[in-house]
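Chain E is fixed; fit chain H onto it per the hints.
Chains as they are written, first to last, in the numbering used here: chain E, 1 to 232; chain H, 1 to 35.
Just so you know, the hints here were simulated from the structure itself, not pulled from any lab data. Honestly, I wouldn't trust all of these hints.
Restraint-style ranges between C-beta atoms, simulated for each label pair [stated by the list, open to error]: (1) E:Asn83 - H:Val24: 41 to 49 angstroms; (2) H:Lys30 - E:Leu29: 21 to 29 angstroms; (3) H:Lys34 - E:Gly49: 25 to 33 angstroms; (4) E:Leu159 - H:Ala5: 39 to 47 angstroms.
Backbone N, C-alpha and C define an ideal beta-carbon position, used for all residues, glycine too.
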Amino acid sequence: MNWFWYASPQTFYPLAGRVAPWFGFAAALLAAAGLYVGFFVAPTDAQQGEVYRVIFIHVPAAWLSMFIYLVMAGWAALGLAFNTRLSGMMASALAPTGALFTFIALWTGSLWGRPTWGTYWVWDARLTSELVLLFLYLGFIALQAAIDDPRRADRAGALLAIVGVVNIPIIHYSVVWWNTLHQGASVSVTKGASMQSQMLTAMLLMALAFWMYSIAVSLVRVRCIIRERGEA
Amino acid sequence: MSDYAFYLWGAYSVTFVCLVLEIVFLLKRKREAKA
Numbered sequence: 001m002n003w004f005w006y007a008s009p010q011t012f013y014p015l016a017g018r019v020a021p022w023f024g025f026a027a028a029l030l031a032a033a034g035l036y037v038g039f040f041v042a043p044t045d046a047q048q049g050e051v052y053r054v055i056f057i058h059v060p061a062a063w064l065s066m067f068i069y070l071v072m073a074g075w076a077a078l079g080l081a082f083n084t085r086l087s088g089m090m091a092s093a094l095a096p097t098g099a100l101f102t103f104i105a106l107w108t109g110s111l112w113g114r115p116t117w118g119t120y121w122v123w124d125a126r127l128t129s130e131l132v133l134l135f136l137y138l139g140f141i142a143l144q145a146a147i148d149d150p151r152r153a154d155r156a157g158a159l160l161a162i163v164g165v166v167n168i169p170i171i172h173y174s175v176v177w178w179n180t181l182h183q184g185a186s187v188s189v190t191k192g193a194s195m196q197s198q199m200l201t202a203m204l205l206m207a208l209a210f211w212m213y214s215i216a217v218s219l220v221r222v223r224c225i226i227r228e229r230g231e232a
Numbered sequence: 001m002s003d004y005a006f007y008l009w010g011a012y013s014v015t016f017v018c019l020v021l022e023i024v025f026l027l028k029r030k031r032e033a034k035a
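Next up, chain E with everything else stripped away, as it sits in the complex (with noise of 0.2 angstroms):
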């Protein structure tokens, strides 16, 4: 399979067309697993009693917001690299699903912050570093809307979204450079979950979900944006 043949917009809008319905199917799947063990499985946690529950949310969605960032900067880097025109339509399909990842991590978070730790928010590393999070994707957006010409659009939405890479370890070490209020990561990979198996199944469930959802509305967006440019 030469994937090439997919680099140009022409080419990827009927492929995007044809698996994006598949990974909403199994993004509808998993969340109702997900929602399942989480709900009906994993049991009620000991300290935080049921409110624990909106980590099966606020965990993955927080995730995705920074990987969905990754992937966008990559996507906005091959393009100012080799100049290819469907880069910057993938990074510009990737930014709202992110920022609305973003907000999601941030309004979960907020909820479950208020009834463990008292309150809704506070400025701590972590949290300011995932609001900085969503500035930069709203940034990208209001960037990119701003200036009429496609390429240049995706060129000027390329470099911000190349240097707000700088923000996504800083979001991922925050919890261990600083002293922040928010705690360390549930799950690592070099030392495992610090949960019970249940509540680990639901997490990953949910996770798995929120990744097939972002690539299935990123993949229609884009067959969007090819044709909104004519390109298709």
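Using the frame of chain E, we list chain H on its own:
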């Protein structure tokens, strides 16, 4: 559950509304792009 219902369902309901709104706006954009 009742003590924390506002926080728990406030988180889930807003997440659900956000995702539904994104899909609705996306389908509207798709229709306009095809027109």
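Do the hints match the structure? See the list:
1. E:Asn83 - H:Val24: 41 to 49 angstroms: Hint violated: Cβ distance 35 angstroms, outside 41 to 49 angstroms.
2. H:Lys30 - E:Leu29: 21 to 29 angstroms: 23 angstroms Cβ-Cβ, so the 21 to 29 angstroms window holds.
3. H:Lys34 - E:Gly49: 25 to 33 angstroms: With a Cβ separation near 49 angstroms, lysine 34 of chain H and glycine 49 of chain E fall outside 25 to 33 angstroms, so the hint is violated.
4. E:Leu159 - H:Ala5: 39 to 47 angstroms: At roughly 46 angstroms between Cβ atoms, alanine 5 of chain H and leucine 159 of chain E fall inside 39 to 47 angstroms, so the hint holds.
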